[in-house]
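Construct all of the structure, not just a fragment, from the sequences and the given hints.
Anchor point for the first sequence: position 247 equals 247 in full-length UniProt numbering, and the numbering is continuous, going up by one each time.
There is no bait here: all hints are sound.
In the EDC-like style, the derived pairs of lysine to aspartate or glutamate whose C-alpha atoms are separated by at most 16 Å in a straight line are:
hint, residue 1, residue 2
1, Lys775, Asp15
2, Lys763, Asp795
3, Lys436, Glu286
4, Lys63, Glu4
5, Lys308, Asp274
6, Lys111, Glu141
7, Lys601, Asp618
8, Lys447, Glu268
9, Lys447, Glu682
10, Lys481, Glu664
For each label pair, taking beta carbons as the anchor points, the in silico distance ranges come out as:
hint, residue 1, residue 2, range
11, His121, Glu398, 51 to 57 Å
12, Ser183, Phe216, 18 to 24 Å
13, Asp168, Glu398, 24 to 30 Å
14, His121, Ser192, 56 to 62 Å
15, Ser283, Ser789, 50 to 56 Å
16, Pro17, Lys282, 33 to 39 Å
17, Gly338, Gln13, 46 to 52 Å
18, Ser417, Pro54, 29 to 35 Å
19, Phe704, Gln660, 41 to 47 Å
20, Thr786, Gly338, 51 to 57 Å
Calculated directly from the structure, the hints in this document are not laboratory data. Glycine residues also receive a C-beta, built at the ideal position from the N, C-alpha and C atoms.
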Amino acid sequence: MIAEVIVDVPAKQTDRPFDYVIPQSLETVIQIGMRVVVPFGPRRIQGFVIGIKPQSTLNKLKKIIEPLDLTPVLSESLISLGNWLSEETLSYRISAYQAMLPAALKAKYQKKLQVSTESKHLLPQTLQDLFTNQDSILWEEAKETGYLSLLQQEVTKGHILIIYEVKDKIKKKKRLAIRSALSTEELKAYQSSLTPRAQKQHDVIKYFIANNDWIFLTDLTATLQISNAVVKELVKKEVLEESEREIYRDPYENRYFARTEPLLLTNEQQEAIDPIHDRIAKSLHEVFLLYGVTGSGKTEVYLQSIQKVLERGQEAICLVPEISLTPQMVHRFKGRFGNQVAVMHSGLSAGEKYDEWRKVQRGEVKVVVGARSAVFAPFENLGLIIIDEEHETSYKQEENPKYHAKDVAIKRGKQGSFPVILGSATPSLESFARAKKGVYTLLSLPKRMNNQDLPQVDIVDMREELRSGNRSMFSSSLLEKLQLRLEKKEQTVLFLNKRGYSSFVMCRDCGYVVNCPNCDISLTYHRHQQQMKCHYCGYEDHVPSVCPECQSDHIRYFGTGTQKVEEELHKVLPEARVIRMDVDTTSKKGSHERLLNEFQKGHADILLGTQMIAKGLDFPNITLVGVLSADTMLHLPDFRSSEKTFQLLTQVSGRAGRHQLPGEVVIQTYSPEHYSIELAAEQNYDQFYEREMMIRKGLKYPPFYFITLITVSHEQLMKALDVTEKITTFLTSRLTKSAICLGPVASPIPRINNRYRYQCLIKYKREPELNQSLKKILDQYQQEVTSTSLKISVDVNPFILM
DNA sequence: AGCACGCCGACT
DNA sequence: GTCGGCGTGCTC
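If you want it as structure tokens, here you go:
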């Protein structure tokens, strides 16, 4: 039989199946969806079997070397989903398949030089020394010895072989398990033959007479209070046998989740859930937009919908944005569905991710809660996909394949004929517009659960503060309220919006800003290392003490980091206990949850943080939320900046007063009259939607138009510009009249790592030929892409326009 | 992506 | 006359 294999070479020319003979011995083993090792040119590489057929049109085929899996890692439906994904995102099929699997399944390649014992003595002395203790050395190491040409001579003589190894990236975690090697009768006989002094052995035998199953060595020694030696001795005597047993790493091991029962739904929740339950029962595909204000009980709707799916013997996926940020969410799912839940998020190690994935693959769990890539969970009988906080940008992957989890979810929903729920308090304009058009079904939860009032929001004009002589980062109003909370022993959350607002070094005399020499952006100041770093290429430099332009020593850093805010806080409120949450304090595993726990227990008065504290916090004692700089991302070159600002502010404000105590919110801003800030303060989504839609319509942006962004980069500015120009001309000629092709324009970051970047932005309504045209472009420049430094990136529905 | 093959300049 | 530079094209 012949296998069609997609090989692990992400390139245009290899983005198609290659035929291989399945050797007789593997005919019953090799299945569609398995990873295999195949010879490819002189190398050995990994590939995916995507088809099996009796014959090939070619006649001199190579053989599959070996399978890498015992069971397929991709089902046929996931393979076709992968093909769709590569088609939609214009990426390679191999990249699409790999994006659907845990990283642990990506192959690791090693090139080695190997010498056989017979030919070892034939080598020149210098080379023999290299192989004294080993039969092979890594190619990389060989390069460093400087004997590479000498070694290559031996390769041609046939004394040394070049071998290519394909390995899995991680090892399976194993533990030693023990069981009896004898029958119960034999054990009893052995027991009676023991001397009375061998008490411990006696205990072990007694245990195995009662239990003849496998037990982990560690568990056995712990329960019987014995040492390993006792067991090892019995293994040696062949009374017991041992075996390496594969185990799962459970990130939530030893954690207790209080069991919860379905809550009684409010009338509104019931009305929202009815149509969902109906489509689940009828196995109908439909997309629901669940639009519910913060605290309206969306999660309970999710949980009870999943319940329904499980009762029908189907499985469900719930996507949440970066789940490690919301341990509370995990608690709710584990509490309701116990060990039927697998959790997948970026906080897990590669091994843990792999283990969670395998629980799904083996059918040991029925529910997955996870970040973006969990949308590919290998369930075979899916009944529901939920996307919580559907407006979140983290659902879009910025690397190839540049997919949006929402599109994948809907595709799977259509294929499997089941509903998809998109939930948000601040839906993306795209989704809300679709709901209004009837493409999605709108379900609303307009009221908070306990009818709590929305918090009182104050907008503080920081320009006024400055005029009245307050140069600190806290307005007098915020400071006053902070003091009041300290007295009343209530908690405050301070939110610093850092995105698009990094600390940079500027000369106060001449305005010189320290820039990266390779990229056209300013270097970011890193306080703890006293260094300047470029976030795009990694360039590092010292902080200058005098201005390189005008020699003035009035050069200092600008921008507000959480550390600086913390210092200021200590100055003005020395008695306040502050917990700071940012990338520095949460980089260690589990530290995120630990800090939140401390805050919840009341070990601090103020929680100070960035983006990451905007979601999921639901603590009864928080009565004040302060937003230190509401408008920093309003001025980014992004047509979604108003939308993002509105969503973020609404989100943050929702943190206050979720329980008995009423909440207050202070928003500090330099543009208090901006509609996204004013309307976020009122929590007025509907009016924001209307305003923003008007603007989008005028500017021909989504949801009125689709957009696709092409970015061309090259070491030479002229080349990048020239190619972009040609692409723009080509596209303009092939698109319909209603499409707009903007370009070539310099990218908002015109140079990264010494590569100049130009873009072409396409806005269109309906362009069925677009994908075809884009493929043509990629084909056209394929040669230049491989031979010169030209790079062309295509992003269909981009979220970042840089 | 790698790697071999192949055609030109700088050395023993 | 050979070593090694990297342009070109292929990998079942």
